[in-house]
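Chemist: Hints are included, so try docking the two chains, each in its own frame, into the full complex.
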Amino acid sequence: MAPLLDVRDLTVRFDTRDGTVQAVTGVTYSLEAGETLAVVGESGSGKSVHVLAMMGLIPKPPGRIAAGQALFEGRDLLTMSEKEMRDLRGGKIGMIFQDPMSSLNPVLTVGFQIVESLRRHLGLSKKAAWARAAELLDFVGIPEPQRRVKQYPHQFSGGMRQRAMIAIGIACEPKLLIADEPTTALDVTVQAQVLDLMRRLRKQLGMAMIWITHDMGVVAGIADNVQVMYGGRVQERGPARAVFHDTRSAYTWGLLHSLPDHDDPPAKFGEKGRRLVQIPGYPPDMTDPPKGDPFAPRNRFATERCHLEVPPLVQAADAAPGHLVAAWYDLRPLRAEAAVAGGAA
Amino acid sequence: MNALAGRPVLEVENLTRHFITKGFFGREEHRVRAVDGVSFTVGAGETLGLVGESGSGKSTTGRLVLRLDDATAGRIHFEGQEITSLRRGQLRTMRRRMQVVFQDPYSSLNPRMRVGDAVAEPLEAHGIIKDKKARQEKVADLFQRVGLNPRFATRFPHEFSGGQRQRIGIARAIAVEPRLIVADEPITALDVSIQAQIVNLFMDLQEEMGVAYLFIAHDLAMVRHLCHRVAVMLRGRIVETAATEQLFADARHPYTQALISAMPIPDPDREQARQRIFYEAVTPPADARLQEVSPGHWVLDQA
Chain A
1 MAPLLDVRDL TVRFDTRDGT VQAVTGVTYS LEAGETLAVV GESGSGKSVH
51 VLAMMGLIPK PPGRIAAGQA LFEGRDLLTM SEKEMRDLRG GKIGMIFQDP
101 MSSLNPVLTV GFQIVESLRR HLGLSKKAAW ARAAELLDFV GIPEPQRRVK
151 QYPHQFSGGM RQRAMIAIGI ACEPKLLIAD EPTTALDVTV QAQVLDLMRR
201 LRKQLGMAMI WITHDMGVVA GIADNVQVMY GGRVQERGPA RAVFHDTRSA
251 YTWGLLHSLP DHDDPPAKFG EKGRRLVQIP GYPPDMTDPP KGDPFAPRNR
301 FATERCHLEV PPLVQAADAA PGHLVAAWYD LRPLRAEAAV AGGAA
Chain B
1 MNALAGRPVL EVENLTRHFI TKGFFGREEH RVRAVDGVSF TVGAGETLGL
51 VGESGSGKST TGRLVLRLDD ATAGRIHFEG QEITSLRRGQ LRTMRRRMQV
101 VFQDPYSSLN PRMRVGDAVA EPLEAHGIIK DKKARQEKVA DLFQRVGLNP
151 RFATRFPHEF SGGQRQRIGI ARAIAVEPRL IVADEPITAL DVSIQAQIVN
201 LFMDLQEEMG VAYLFIAHDL AMVRHLCHRV AVMLRGRIVE TAATEQLFAD
251 ARHPYTQALI SAMPIPDPDR EQARQRIFYE AVTPPADARL QEVSPGHWVL
301 DQA
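Listed in order, the protein sequences are those of chains A and B.
Under the numbering used here, read the first sequence as residues 1 to 345, first letter to last.
Under the numbering used here, read the second sequence as residues 1 to 303, first letter to last.
Here chain B stands alone, though its shape is the one from the complex (with noise of 0.2 Å):
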């Protein structure tokens, strides 16, 4: 079966949002471009990551595909139907295809609900499950998929650790059997040591479900592991995007070589020797456009 054969499950087309605070007499005074006219794919089962620093706006594009924040311009199609025009009560089929997976696990959690009826709610929210007896399965397999034990199923949030809590959050996530799971920085709260459990679980889950990702970090290492494909973006814009072994190999926009050079690397030897390479950030021009420099490997013109 090929992957790629079928339409993109997530196209995002010129999508924008601007932010603007108005000073007296409602004249603008001012505006963010948080994102600025950007357009990116991801295919059935892939996994592409959103990589850039603070301020990037690779976090709101996150709130704009899930319809979180409303654009300010551009289209969004998912699953080949077109989510950006449609208004918040006819958003339930598409929350149901598309789930969400948030850094900090605990502010996701209703504390007073017990985790496992947390899991049960998108469930019975889409009327996917009836009775009891049916849900108490349900529930239990999905603990048993991430990796929890079903018997935790009646205890509250507060009561887990943080890799614990993302694990429900996930689990949650992938009850409705989504084609898409928008994961905003989702590792980056958890333990080292816990990082790499949940790393692979997003693999396996990928993997028995065919399930896509848009993974969104700022941890480079993390995302060259996980991702297909990454998107690097600078004040709003995408500035470069290529397969994963495509861009490390070869990168070729300076912020995108700047961003590369100085991930830190685990060996005093290696880290030590390592050769920086420096960008003076700067906003890029508007009319700059987005060129093909090889197959699949698009690169912003430099001024």
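Chain A on its own, in the form it takes in the complex (with noise of 0.2 Å):
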């Protein structure tokens, strides 16, 4: 069967005053119906900017897309008109982003936002799309559905707001939901509660997931596989147990160890506490990125060849079907060296 969403070669570039910014470079991978990817990396990464520049949401110019294919259920995305974009967000594929009042209209009510939606996409009746709405509260978990639908996102609380944005981006039952850091302003509590959340309804939605974040435990928590991006080009992508206990990308592995460890003890007053792994140096700056693997002038293991040559995301050896990694380096014998090395890099 053929996969629910099939990236080819996607390569995005910004055109601007200062050059132009290499965003993102020969992104390519399948994701199947239910299955949940989450996409790791940090600013600058090209994480949020390859699914927006798929989504018709990048401005061009300064944006555009200078070569690639996405495939959605078979019908490419970027060669997509306008309005067939308009009939698939929001339908067929939902959104929710980190800050839910840039994406709530705040002069409307939540009901109506949801009910816009309901109508718009599945062509409900007005009475049947209201009674759908309140429905959608209750289901993200909002308390009294039936007063809470009338009123405005301002009379949310954080949290709340957070849900009702879930609750828009579900509505139509997405066949995929794109998340772009959904729990990263929110408190830990509250962030654990949308996680709980999250993992309920893509099990009862059966829906896939693209989850973008910098936080690996939230990656942790909900990927069945993950893609770490950095500098525009995927560095590592396979099964999250994969990923995260046989890290095969220094970027990888770097931002795993940079972590505070839990089984760590915590700091005694008077005694030095343990450093944390860093990584040295800087992002690039993508309008110059590095000739080569553009992760190579931070990554301590890096070889010659790293320097000069972009290395292909290709299986890694030994490893788990389906663990790709771009490293002209093997990093297992490196990893127990690193380790034993400590903070001291």
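These aren't lab readings, by the way, just hints derived from the structure by calculation.
Virtual Cβ for every residue (Gly too), placed ideally from N, Cα, C.
Treat the hints with caution; some may be incorrect.
Said to hold, decoys possible - When the alpha-carbon atoms are kept at most 20 Å apart in a straight line, the in silico SDA-like pairs for lysine to any residue are as follows:
(1) A:Lys268 <-> B:Gln272
(2) A:Lys92 <-> A:Leu201
(3) A:Lys268 <-> B:Ala221
(4) A:Lys83 <-> A:Leu176
(5) A:Lys268 <-> B:Gly6
(6) A:Lys268 <-> B:Trp298
(7) A:Lys175 <-> A:Lys268
(8) A:Lys268 <-> B:Ile260
(9) A:Lys203 <-> B:Gln272
(10) A:Lys83 <-> A:Pro106
(11) A:Lys203 <-> A:Gly141
(12) A:Lys268 <-> B:His297
(13) A:Lys268 <-> B:Gln206
(14) A:Lys268 <-> B:Glu207
(15) A:Lys268 <-> B:Ala44
(16) A:Lys92 <-> A:Gly56
(17) A:Lys268 <-> B:Asp250
(18) A:Lys268 <-> B:Leu205
(19) A:Lys92 <-> A:Leu205
(20) A:Lys268 <-> B:Asn200
(21) A:Lys83 <-> A:Lys175
Claimed, not checked - Stretch by stretch, here's where chain A covers chain B in the computed footprint (C-beta under 8 Å, at least three residues):
(22) 43-55
(23) 189-201
(24) 224-236
(25) 241-252
Modeler: Structure, rendered in structure tokens:
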């Protein structure tokens, strides 16, 4: 069976006064129905831009799709008309974002915003759509849905707004839900509740998800598969357990080890705390990215070839099926050595 | 040398900040108890983590300690001196000894000032540096200590990444060799790969200079890593405080337990097996008091 989403060689550029930003280069992956893919990276990695570009949501100009295809149920999102795209967004493809205030309309009631989407995409009657809107608020755990449905976004707390946005995102029972840092701005207890909610919804609706985040803890809780991006390229992709426990990219390894260890005894007064493993240097300037592997200048394991030539994303040796890495080095012997060296880097 | 021997650098007693909205005829309409009777100390060279969620009052507490906001009630002793009663003009000496690092380094740097000048500014304001050569040497030394190339001193803030700007903010804070730095969510806005660099820098500087930190944050994993003691705030009150290891091993208040249980663990097996503790946060009753359950471990009574 064909995958739900098939992205081939997606390449996005932004032409700015300071030069061409090589935001996304040659991103290729596929997503099966019901699968959750976490896309991990930091600012400038291309993790958000690549989905915004697929969904026709980058400003053109300065943005442009320089190459590639993104087939959703066999149709290329990148060549669709604006009207076809609008029919998909909020319909078969739902989206939720980090900041609900920027995507909820402040002058319309929360209920109206759900109703609008239900009527447009599913052709429900006004009455049926309002009833469904209240059901959806109840479904995402908003108390008193009959009253809440008539309220405006500013009358909701931060966590409730995020739930309302999730309700809008899933209103038409999408095949694919794209979530861009949806829990980043939330308090930790609210974040945990939203993650519980998303796990339940995914199961009940059978939808696929692309979950964009920089938080490896969130990834561990939600992802079937993980794709790690850096400098506009995919560095590593594979089943979540494989990527966490048999890490093959030096960047992924650095990300995981720069976090405080949950087993580590916390600081005692008067005692020098353990240094965290740090990734040296700073992210690249994407108007003038490194010639080879974009992570090479910050990678203490980089070989000469890493600096000269971009490595292809290929199946890692003796790894789980579908565990791919773009690296000229073999991280396995280096991991052990680096763990001993610890924060000395 | 026993760091605990002397008096704490910072002693906060019953600190209170209420925001009152007035209706017609100046009648009190609504009172927000942002900070409601908070007491804690920070020892010399110690790091106290102040944690809590949005609206807990942790940042307001930081602003009160810095005297960027005026307390409704309560007292703050800094290096033994009572500072809540000082007028603006008398804060000069205190300002030198107590510095701040903010979440967003960009908004705290003047965009038109070269970063070297920004770092030297507090030195000049306090008359520590007189001649140009000494100034240049000092700035170069500070840049090196925070891991920046001294040649960058002539650049402007927009030429730096977020992590580099935070290093500039830290260089400026340590320039006057403060005894205490109030750091309000100093790593929250930074990329993950940069957070560890800044946390390491905080620890190195503490070891070199013996500076104390009031570290205000919501990331419990980082707080656990960096702080010697932790105070947990909920709706303007401290509900629990203890040595970090004690707090994480034996949290007593249900809110602390809920917070710790909500920390995501970057390991799929453990994260998916994690047991959550739920707590419907309620405002602690006004007459609730902190009780010492073991030495140095205080918990607010439960109604």
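Chemist: Are the hints correct? Go through all of them and say.
Modeler: Checked hints:
The hinted pair formed by Lys268 of chain A and Gln272 of chain B fails the criterion: a straight-line CA distance of about 30 Å is larger than 20 Å. Under the criterion of a C-alpha separation no larger than 20 Å, the hint pairing Lys92 of chain A with Leu201 of chain A is consistent with the structure, at around 15 Å. For a cut-off of 20 Å, the pair hint linking Lys268 of chain A to Ala221 of chain B stands: about 15 Å separates their Cα positions. For the proposed pair Lys83 of chain A and Leu176 of chain A, the alpha carbon gap of about 19 Å is at most 20 Å, so the pair holds.
Proposed proximity of Lys268 of chain A and Gly6 of chain B is supported: the alpha carbons are some 18 Å apart, at most 20 Å. About 17 Å separates the Cα atoms of Lys268 of chain A and Trp298 of chain B, which keeps this hinted pair within 20 Å; it holds. Distance hint between Lys175 of chain A and Lys268 of chain A is unfulfilled; the C-alpha atoms sit about 50 Å from each other, more than 20 Å. For the hint pairing Lys268 of chain A with Ile260 of chain B, the CA-to-CA distance comes to about 19 Å; that is within 20 Å, so the pair holds.
Only pairs whose Cα atoms come within 20 Å are accepted, and Lys203 of chain A paired with Gln272 of chain B is accepted, the gap being roughly 15 Å. Using a Cα cut-off of 20 Å, the hinted pair Lys83 of chain A and Pro106 of chain A is violated, with the two alpha carbons roughly 25 Å apart. With a CA separation close to 16 Å, the supplied pair Lys203 of chain A and Gly141 of chain A stays within the 20 Å bound. In summary, the hint linking Lys268 of chain A to His297 of chain B is supported, as the alpha carbons are separated by about 14 Å, within the 20 Å threshold.
Straight-line distance between C-alpha atoms of Lys268 of chain A and Gln206 of chain B comes to about 14 Å, which keeps the hinted pair within the 20 Å bound. Note on Lys268 of chain A and Glu207 of chain B: the hinted pairing holds, with a Cα-Cα distance of about 13 Å set against a maximum of 20 Å. Distance restraint check for Lys268 of chain A and Ala44 of chain B: the Cα-Cα separation of roughly 14 Å lies within the 20 Å cut-off, and the hinted pair is therefore satisfied. Of the supplied pair hints, the one linking Lys92 of chain A and Gly56 of chain A holds, its CA atoms being roughly 15 Å apart against a limit of 20 Å.
Between Lys268 of chain A and Asp250 of chain B, the direct Cα distance comes to roughly 15 Å. Compliance with the 20 Å bound is thereby established for this hinted pair. At most 20 Å may separate the alpha-carbon atoms for a hinted pair to count; Lys268 of chain A and Leu205 of chain B meet this at roughly 17 Å. A C-alpha spacing of about 12 Å is found between Lys92 of chain A and Leu205 of chain A, which places the hinted pair at or below 20 Å, so the restraint holds. Between Lys268 of chain A and Asn200 of chain B the CA atoms are separated by roughly 16 Å; this keeps the pair inside 20 Å, and the hint holds.
Restraint check for Lys83 of chain A and Lys175 of chain A: the C-alpha separation of about 19 Å stays at or below 20 Å, so the hint holds. Counting residues of the region 43-55 of chain B whose CB lies closer than 8 Å to any CB of chain A gives 6, so the stated coverage by that chain holds, three being the minimum. Residues of the region 189-201 of chain B lying with their CB closer than 8 Å to a CB of chain A number 9, which satisfies the three-residue condition for coverage. Only residues whose beta carbon comes within less than 8 Å of a beta carbon in chain A count, and the region 224-236 of chain B has 6; three or more means the coverage holds.
With a cut-off of 8 Å between beta carbons, the region 241-252 of chain B has 4 residues touching chain A; three or more are needed, and the interface restraint holds.
Checked against the numbered hints listed earlier, the structure breaks hints 1, 7, 10; every other hint is satisfied.
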